[in-house]
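Protein chains in written order, with our numbering: chain D, 96 to 345; chain U, 75 to 185.
Note that these hints are calculated values from the structure, not bench results.
Given the structure is predicted, the values throughout are model-derived calculations rather than measurements.
Mixed in with the good hints, there may be bad ones.
What the hints assert, rightly or not - Stretch-level coverage of chain D by chain U, calculated; a stretch enters the list once three of its residues show a Cβ under 8 Å from a Cβ in chain U:
1) 122 to 136
2) 189 to 201
3) 245 to 251
4) 254 to 265
5) 270 to 278
Claimed, not checked - Not the full set, but computed from the structure, chain D residues with beta-carbon under 8 Å of chain U:
6) P116
7) H167
8) W334
9) L342
Note that the Cβ used here is the ideal one computed from N, Cα and C, for glycine as well.
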Amino acid sequence: MTEQATYLYAVTGTPDIPGLPGVLGISGAPLRMVGAEPCAIVSSVSLAEFSEEALRRNLEDRQWLEKTATAHHQVVEAVNDAGPTAPVRLCTVYRDDDRVGEMLREQADAFHATLSRLAGRREWGVQVFSPAQPTDSPQATDSPSPGLAYLERLRAQRDQRADRDHAMARQAENVHSSMADIATAARRYPPQDRRLTGIADPMILNAAYLVDISLEPVLAEHIANFRRAGLEIRLTGPWAPYSFVELETP
Amino acid sequence: MTEAVTARTDMRPASRNRAAPAQAGENSLVDILERVLDKGIVIAGDIQINLLDIELLTIKLRLLVASVDKAKEMGIDWWEHDASLSSKADGLAEENRLLRKRIDALENGSD
Numbered sequence: 096m097t098e099q100a101t102y103l104y105a106v107t108g109t110p111d112i113p114g115l116p117g118v119l120g121i122s123g124a125p126l127r128m129v130g131a132e133p134c135a136i137v138s139s140v141s142l143a144e145f146s147e148e149a150l151r152r153n154l155e156d157r158q159w160l161e162k163t164a165t166a167h168h169q170v171v172e173a174v175n176d177a178g179p180t181a182p183v184r185l186c187t188v189y190r191d192d193d194r195v196g197e198m199l200r201e202q203a204d205a206f207h208a209t210l211s212r213l214a215g216r217r218e219w220g221v222q223v224f225s226p227a228q229p230t231d232s233p234q235a236t237d238s239p240s241p242g243l244a245y246l247e248r249l250r251a252q253r254d255q256r257a258d259r260d261h262a263m264a265r266q267a268e269n270v271h272s273s274m275a276d277i278a279t280a281a282r283r284y285p286p287q288d289r290r291l292t293g294i295a296d297p298m299i300l301n302a303a304y305l306v307d308i309s310l311e312p313v314l315a316e317h318i319a320n321f322r323r324a325g326l327e328i329r330l331t332g333p334w335a336p337y338s339f340v341e342l343e344t345p
Numbered sequence: 075m076t077e078a079v080t081a082r083t084d085m086r087p088a089s090r091n092r093a094a095p096a097q098a099g100e101n102s103l104v105d106i107l108e109r110v111l112d113k114g115i116v117i118a119g120d121i122q123i124n125l126l127d128i129e130l131l132t133i134k135l136r137l138l139v140a141s142v143d144k145a146k147e148m149g150i151d152w153w154e155h156d157a158s159l160s161s162k163a164d165g166l167a168e169e170n171r172l173l174r175k176r177i178d179a180l181e182n183g184s185d
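Please model the complete structure; the sequences and the hints are all you need to start from.
Right under this line is the structure:
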């Protein structure tokens, strides 16, 4: 029989999670709870798959990572649906349930503080893309020589591009500040590469906002206004508050 | 838009999980990976892989690109050839090996 370890998905304020029985963990394992308030959601994983050495190998395996990340995320979502939840980083593994219980007791105050900050709020992702720009056809100039005319055209194109880049950066700042205004907390992340998004237009803002549920209609209105103004915006969520769960170190 | 958000708000997570990939395709996976790898509470488990943040980010960078089928169709495999990336990754791996050794030493010493 392979040796088992305890995989930790999330920590939540209450063990009352109606959706949980319908969800399975990594490799289809049933979920368990450790502790009461706060309460950890865990499942057993095989050490053959989750030892430090195996993890280093498996994290390099795209299919394994996708499968594991998806299972992790689904558990987090189900728990989060029942109430404020702190998602734990992928692949946090303990020797057994007792070790998770120990950790919960040690960190109980930090978890309570974090979880109470999350109550009634949800995370939204906002990505803004720079719209495709038509390449301006160079204007004819009255330059005396073709060479000089060519250089002038190049300079004009470069200036136009710089102007557009500035304008887009301002737009991204506008979106961010209007979102941050209504959000309890905001985090900006590096824009995702075009090869990741599959969208030809470059991403100019990649951010997450923790928003009061009562303010979500305002968020939607802001997004709608920016879209009407011609901005390409991708709104994702609501997410479990992945971006807003730093535990204060004691 | 208001309706869209309200509708999502009322959805149960099960249906949300099913709906998201259909709407966003590959992006949804990228967004999920970005969150589960980069974000969430970092607690030291008994298996210390989660301390290797920087190494994970490097892995993530390569895997995320690899996970987009479109990129592969386009023959994008720069992460395999980018000398700065792979040498940087080697450096980080070495740094992480040293850090792991120190962690082991500290843990064995304190236990």
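These are the hints, each one checked on the structure:
Proximity of the segment 122 to 136 of chain D to chain U, defined as three or more residues with a beta carbon under 8 Å from a beta carbon of that chain, is not established by the 0 residues found. A stretch counts as covered by a chain when three or more of its residues have a beta carbon under 8 Å from one of that chain; for the segment 189 to 201 of chain D and chain U the count is 4, and the coverage holds. Only residues whose beta carbon comes within less than 8 Å of a beta carbon in chain U count, and the segment 245 to 251 of chain D has 0; fewer than three means the coverage is violated. Given as covered by chain U, the segment 254 to 265 of chain D fails the check, having 0 residues with a CB less than 8 Å from a CB of that chain where 3 are the minimum.
Against chain U, the segment 270 to 278 of chain D contributes 0 residues with a C-beta closer than 8 Å to a partner C-beta. That does not satisfy the three-residue criterion, and the hint is violated. For P116(D), the interface hint is violated, the least distance from its beta-carbon to any beta-carbon of chain U being 12 Å, above 8 Å. Because the smallest distance between the Cβ of H167(D) and any Cβ of chain U comes to about 5 Å, under 8 Å, the interface hint for this residue holds. Evaluation of the W334(D) hint against chain U yields a held restraint, the C-beta minimum of about 7 Å falling below 8 Å.
Interface restraint check for L342(D): the shortest CB-CB distance to chain U comes to about 6 Å, inside 8 Å, so the restraint holds.
Of the numbered hints given earlier, the model fails hints 1, 3, 4, 5, 6; all others are met.
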